[in-house]
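*Asks:* Protein chains in written order, with my numbering: chain A, 1 to 385; chain B, 1 to 385; chain C, 1 to 385; chain D, 1 to 385.
Because the hints were derived from the structure by calculation, they are not lab data.
The C-beta atom is built at its ideal place from N, Cα and C for all residues, glycine as well.
You may find that some hints are simply not true.
To be verified - Taking lysine to aspartate or glutamate and the DMTMM-like style, the derived pairs with C-alpha atoms no more than 20 Å apart in a straight line are:
hint, chain 1, residue 1, chain 2, residue 2
1, A, 302, A, 366
2, C, 269, D, 126
3, A, 324, B, 285
4, B, 136, B, 257
5, D, 12, A, 379
6, D, 136, D, 149
7, A, 374, D, 383
8, A, 234, A, 365
9, D, 374, A, 366
10, D, 302, A, 5
11, A, 269, B, 383
12, B, 220, B, 149
13, A, 324, D, 213
14, C, 374, B, 285
15, A, 12, D, 370
16, C, 12, B, 383
17, C, 220, C, 177
18, C, 324, B, 383
19, C, 136, C, 126
20, B, 374, C, 285
21, B, 269, A, 366
22, D, 269, C, 285
23, D, 234, D, 370
24, C, 220, C, 142
25, B, 12, C, 383
26, C, 324, D, 285
27, C, 374, B, 213
28, D, 324, A, 328
29, B, 324, C, 285
30, D, 324, C, 285
31, D, 324, C, 142
32, C, 324, D, 328
As the list claims (entries may be wrong) - Quick look at which bits of chain C chain D covers, simulated, 3 or more residues with Cβ under 8 Å:
hint, segment
33, 188 to 199
34, 263 to 274
35, 328 to 340
36, 364 to 377
As the list claims (entries may be wrong) - Cβ pair distances, simulated, as ranges:
hint, chain 1, residue 1, chain 2, residue 2, range
37, C, 48, B, 308, 28 to 38 Å
38, C, 160, D, 28, 51 to 61 Å
39, A, 272, B, 328, 41 to 51 Å
40, A, 379, D, 269, 17 to 27 Å
What follows is the residue order along each chain.
There are 4 protein chains.
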Amino acid sequence: MDISESYSQVIKLVDEFCDEHFNEERIRQWIESRGVPNSLYDAFFGSELGSYVMPVNAGGRACPFDERVAVTMQLTRRAGATLPFLSDMISMALLSTMRSLSQREIAEDLLPRSGRVTFSQAFSEEAAGSDASAVKTVVSLESDEIVLDGRKTFVSNGQFASDTLVLASDPIFGRADGGLSLWLVPLDTQGVSTFPLNTVGQEMLAPAMISFDRVVLDPKWQIQSEGKLASMLKRQYELGRILVCASSLGLARAAMDDALGHAASHMVKGRRLSSLPQIQEKLADMEVRLRSMESLVYHAAKLAGDGGDEARLACALMKRFVPKAATDVASEALQIFGGAGYTDETRVGRIWQDCRGNQIAQGTDEIMVDLIAKLLVSEAVRDGA
Amino acid sequence: MDISESYSQVIKLVDEFCDEHFNEERIRQWIESRGVPNSLYDAFFGSELGSYVMPVNAGGRACPFDERVAVTMQLTRRAGATLPFLSDMISMALLSTMRSLSQREIAEDLLPRSGRVTFSQAFSEEAAGSDASAVKTVVSLESDEIVLDGRKTFVSNGQFASDTLVLASDPIFGRADGGLSLWLVPLDTQGVSTFPLNTVGQEMLAPAMISFDRVVLDPKWQIQSEGKLASMLKRQYELGRILVCASSLGLARAAMDDALGHAASHMVKGRRLSSLPQIQEKLADMEVRLRSMESLVYHAAKLAGDGGDEARLACALMKRFVPKAATDVASEALQIFGGAGYTDETRVGRIWQDCRGNQIAQGTDEIMVDLIAKLLVSEAVRDGA
Amino acid sequence: MDISESYSQVIKLVDEFCDEHFNEERIRQWIESRGVPNSLYDAFFGSELGSYVMPVNAGGRACPFDERVAVTMQLTRRAGATLPFLSDMISMALLSTMRSLSQREIAEDLLPRSGRVTFSQAFSEEAAGSDASAVKTVVSLESDEIVLDGRKTFVSNGQFASDTLVLASDPIFGRADGGLSLWLVPLDTQGVSTFPLNTVGQEMLAPAMISFDRVVLDPKWQIQSEGKLASMLKRQYELGRILVCASSLGLARAAMDDALGHAASHMVKGRRLSSLPQIQEKLADMEVRLRSMESLVYHAAKLAGDGGDEARLACALMKRFVPKAATDVASEALQIFGGAGYTDETRVGRIWQDCRGNQIAQGTDEIMVDLIAKLLVSEAVRDGA
Amino acid sequence: MDISESYSQVIKLVDEFCDEHFNEERIRQWIESRGVPNSLYDAFFGSELGSYVMPVNAGGRACPFDERVAVTMQLTRRAGATLPFLSDMISMALLSTMRSLSQREIAEDLLPRSGRVTFSQAFSEEAAGSDASAVKTVVSLESDEIVLDGRKTFVSNGQFASDTLVLASDPIFGRADGGLSLWLVPLDTQGVSTFPLNTVGQEMLAPAMISFDRVVLDPKWQIQSEGKLASMLKRQYELGRILVCASSLGLARAAMDDALGHAASHMVKGRRLSSLPQIQEKLADMEVRLRSMESLVYHAAKLAGDGGDEARLACALMKRFVPKAATDVASEALQIFGGAGYTDETRVGRIWQDCRGNQIAQGTDEIMVDLIAKLLVSEAVRDGA
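Looking at chain A on its own, in the form it has when it is part of the complex (with noise of 0.2 Å):
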């Protein structure tokens, strides 16, 4: 197919990474113990892969920015699983909204060692999900200290990271970014507790909850954002809602993979499973749904880097559209299986589950559809004129 053809270069280093490293059996140890091991992460940097992964600010390659997400995709494919190197390119993506940051310095020691992020992204909160005018963790300051206090959830790897990057509610020092400000906290300061959410599916992103009781911040770790919060926010959702639905493609394409080879491998009462006509409509319909999303994605990435209302439209439209597709696809792979899909005999039920997950991930449907509507009024109204 033509997408796959944009990309062959970079999707063939990664099946040649995926060749050596990647098996079922690993995969399954690394769900088992939520995370892959370092060693993996070395070979992953020390390949000519990295380089399409890592910040350009860090001696990554200055690819377009759909050539990663081409990577995401196939690197999930090929894993049939949500890949801790999904939050790790998110990462990244934050890392590049903070290029025109005055205080070098701390952005530079955000910077990935060999790859692994060294931070988790302490965002998310119960009631506000992706939307930073709910957030209720807050900065105080209390007789001279700068004390912080809230619950953050979905913080992917947020227990093993050594410091974890909190988005607060800060009347004080966050006054030229509308009350918000971001704080590096390390882990092992006093107050910071953290829980690991058991989540239906995506166990490699190792999601944490983290509670701030009473944290004591030292006001070096703010990130300066110089009044450019709301920007750096609004382009990191941006960048990570389409690393998200990159990710869905892959699980949703390795689940079309898996009933394709066992439509064609399997009979029923003498008939191969692929030449049975209610088989045949799921796989058709599959692959229509397949394709919407592949150029929803690779349109939204393409556009991504411009800021423009047309990539703040595509990225949304993707958002809405491929998270649930993607646990269709799944869910219909799995039914071609039948009983076996729903065992882990196969990948296909974890991939749905995995699935799963990303239609919350990074911002819920109602954000979407109001500005999805707002952008296309606008520029209905703007043609019309």
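We have chain A; now place chains B, C and D onto it with these hints.
*Replies:* Just chains B, C and D, lined up with the frame of chain A:
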């Protein structure tokens, strides 16, 4: 609502039982240990409720089948999880199909002791699902010995029940039944091995794979079906499907209960969740689905006894629609919870995983669609004549 | 099926009537001439069937509302088209809501003559739909004259009925009714103009736009609602919605009848259409939808009298689901016919066009969703308390 | 959006043409008179636009097929109706498949005069649709005369074109082509009768039924296909499907344009329609569908030339998805307009009816599904090997 009113008495009994014996912590323990403690069975069958579940020929109440269905539904709704009682109910349905067998002593030996059924049902095979004609586990004669070979899957409670009832392809003893026969095989027979299945959900059913490797059968173990096996199996699948759909309905109702409770009590940006139009739309469409499910389940249950075409049609239409609709309802509930729905902080994630299994259990869509179309067309032709 | 069995007696009456009076050629003539001949009305109300339709206070049978619903459904099913009787049934429902009014003579004057209702209902407005609070047609006082201004749309039979019942915003005479009043305006009053609406379907309803341009009202024309207008309207919309959904159900059943007949009798490449899995799948899913529709319609009809929350909820859930589901069923039937379904060689194309209108008639989705959510949540809160 | 940017030049040409020649009143007249006036054809082919539509061997521009597709899409979008140009484009696609025929003079005789194609295509039959192998119109030899018998349907412009190109089952002259042959029959030949088809929509295509009752054929009328008929037909259906889907896309875009304009400018209870979440949700999901449609249509169009498996797969996936999605988009637009959408006060009702026809035109779902599954599986097997 009117349907629950018709069953208000048994539902009240179930509620009293659940108030006393169920709570979320226990449910989680039972899920983890893949089954409920014996004491719960004792309490259940020691209560008036037990009489609604026991087969009539073992002292059970002579109530219509739809009351048993209501019990299954409400127990599941209260637990928010697939209960092992479902498997017992299905086994008891099987026993009820054996009423007319002459070999009375065997049938009686199969009866449950204090409610807990002592045998598992080894019917499904990997490529066969619920399709009896595709059974590959086979009985043969080798130098005067009756030998069983093959592999059964999705045997609920298959590792723990002392005996398993095996449906086999059997050109010798199954001649009167079109080449099928039924054997009650003790689990400790040589050549019988059991393996737990790690499923996506429904852990309390403790499904197992059982392999039969040159297992020598005692002729006395055969259930004398006297040419009635086909109609027995047909009836058994019909009752089994209705009970599975009752369980799906209970799961979906549990998800709806939770979603309504959450939407009514949580705020987003100062607005109650239940006042947001997108949430309202989800709730409305979930309730429409639930009522459609209810009407299909209870309609099938009411006709279940009569063995006619309308009963078969009602059952097939129900199985085609209900399990998928339940998964959809659970998925929407999960979405209403957002991130918390994807973790074990809530039970909706688990409910969603449980629901998915019933889209496969007790017969695939393919079989349903074919059966439905034939019955609809023959009805149309008859009416038009 | 059981639902039609409950109404087998009235359905038999309807069938006898239709056998004598309906055939496809006549139906087409009626559609073309936007209405049925008076002789058909005479025959209808001369038969026993008429007593099921006439209001009780005009000699009609004191039958439960669901029997009237069954009559509407079956008449529509047999015609395969939206009949003008639907409009009469809705008007009679309106009359039944006026039972308690003291101004008896006016109410009686509204009574149908030999069944054909003599007034049309001018309720809807372009921007208001069935939302009474948005009514813009307004009553004012100008130098002692009562003046009506505004424009009503989708007035069934609006050009032909001698009088039209106008719902108006009215700060003067409608004070007791929250600013609304109801006037029976003769069509030949100066300033009243009617225009036919060319609709996509439902031609026999002969919908019209009626404009009121400084129309001087006679005070005697006002229906004295005595503060009961709101509850009257609420009840009227409830009954109207149920009848519209009964019509949708009849249309969808007609489409299913035709699709089954076609699939059972036509061959493609030597195979009967009804044996092709993709056709079978359509038929199965159509029947599931039809049964869900039936259960929602008759459930709402049975509760229609009681005015409680459950009745309102049942009605709103029905309106949310049934008209859309009917269009879907008709569309699938059309597809089964292929090209012939898209021409007037069959009636399924027309049925599909008729169905679409009911997705709009008698209240939009938006209103339903809001109402449903509120009722569900308040029920949940009550149960949980 | 990027897709329209790629074609911005031709789209600008189309817009200029439409600004000058199209308005809603004219469109309605053309629909009523089942075709456009000759003067419009003259203007079209007198403009630069004509060169994008004429076949290359008749002086047309040697542009890639996707540019022609863009022209079809935009013309349809601007008209908000299926234009007769669609039929001309399909006929020209047919001519382009004849390029390699040796019987050059006949092929040239088929060429359009001033753009308007002078022949109609009599391919479809009632039970055959676009399935060539089921053709029943048959050529036979009777005492030295070549005789044609049968009935063709959905012949666009079938009553008005002077000649019709008939695809026939032909065991005599069609031997080299697997029993099929192609004849250009003058409409005034004895035994040829035409009947207009009253379709649900698409009136400008003026579809007709043509019956051939013992029509004597002149041997010179046969198109010498030299064994290439099968590949010619395959290519012709491929191009035809793409053009039909381009028309669907144009129709759906027109519906979206109207819906956005309406939602942006109308108020309900003091709130702009476009700010209501339920309307926003519709708009968002419509745009997602439109972009998926666009990507499938243009992808198929770009590959259309190459004749390989990927081109066939892209075309089948497109035909499976696009026409249905277009109807869905149009239906949502209609719903946003409410009652006005169901009348001829707007064009969305007509668009919805037009869209429906393309779900049937140029090949059923059944054929698509089978083809898609085979191509997907063979690709999967190849990749896996």
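*Asks:* Decide, hint by hint, whether the structure agrees.
*Replies:* Each hint tested on the structure:
no.: 1; hint: 302/A - 366/A; result: 24 Å, violated
no.: 2; hint: 269/C - 126/D; result: 13 Å, holds
no.: 3; hint: 324/A - 285/B; result: 17 Å, holds
no.: 4; hint: 136/B - 257/B; result: 43 Å, violated
no.: 5; hint: 12/D - 379/A; result: 18 Å, holds
no.: 6; hint: 136/D - 149/D; result: 9 Å, holds
no.: 7; hint: 374/A - 383/D; result: 44 Å, violated
no.: 8; hint: 234/A - 365/A; result: 16 Å, holds
no.: 9; hint: 374/D - 366/A; result: 39 Å, violated
no.: 10; hint: 302/D - 5/A; result: 14 Å, holds
no.: 11; hint: 269/A - 383/B; result: 33 Å, violated
no.: 12; hint: 220/B - 149/B; result: 18 Å, holds
no.: 13; hint: 324/A - 213/D; result: 55 Å, violated
no.: 14; hint: 374/C - 285/B; result: 13 Å, holds
no.: 15; hint: 12/A - 370/D; result: 31 Å, violated
no.: 16; hint: 12/C - 383/B; result: 14 Å, holds
no.: 17; hint: 220/C - 177/C; result: 17 Å, holds
no.: 18; hint: 324/C - 383/B; result: 27 Å, violated
no.: 19; hint: 136/C - 126/C; result: 10 Å, holds
no.: 20; hint: 374/B - 285/C; result: 13 Å, holds
no.: 21; hint: 269/B - 366/A; result: 12 Å, holds
no.: 22; hint: 269/D - 285/C; result: 38 Å, violated
no.: 23; hint: 234/D - 370/D; result: 15 Å, holds
no.: 24; hint: 220/C - 142/C; result: 17 Å, holds
no.: 25; hint: 12/B - 383/C; result: 14 Å, holds
no.: 26; hint: 324/C - 285/D; result: 17 Å, holds
no.: 27; hint: 374/C - 213/B; result: 60 Å, violated
no.: 28; hint: 324/D - 328/A; result: 19 Å, holds
no.: 29; hint: 324/B - 285/C; result: 12 Å, holds
no.: 30; hint: 324/D - 285/C; result: 17 Å, holds
no.: 31; hint: 324/D - 142/C; result: 55 Å, violated
no.: 32; hint: 324/C - 328/D; result: 12 Å, holds
no.: 33; hint: 188 to 199; result: holds (count 3)
no.: 34; hint: 263 to 274; result: holds (count 4)
no.: 35; hint: 328 to 340; result: holds (count 6)
no.: 36; hint: 364 to 377; result: holds (count 4)
no.: 37; hint: 48/C - 308/B: 28 to 38 Å; result: 32 Å, holds
no.: 38; hint: 160/C - 28/D: 51 to 61 Å; result: 26 Å, violated
no.: 39; hint: 272/A - 328/B: 41 to 51 Å; result: 30 Å, violated
no.: 40; hint: 379/A - 269/D: 17 to 27 Å; result: 26 Å, holds
Figure legend: structure checked against the earlier numbered hints; hints not met, in rising order: 1, 4, 7, 9, 11, 13, 15, 18, 22, 27, 31, 38 and 39.
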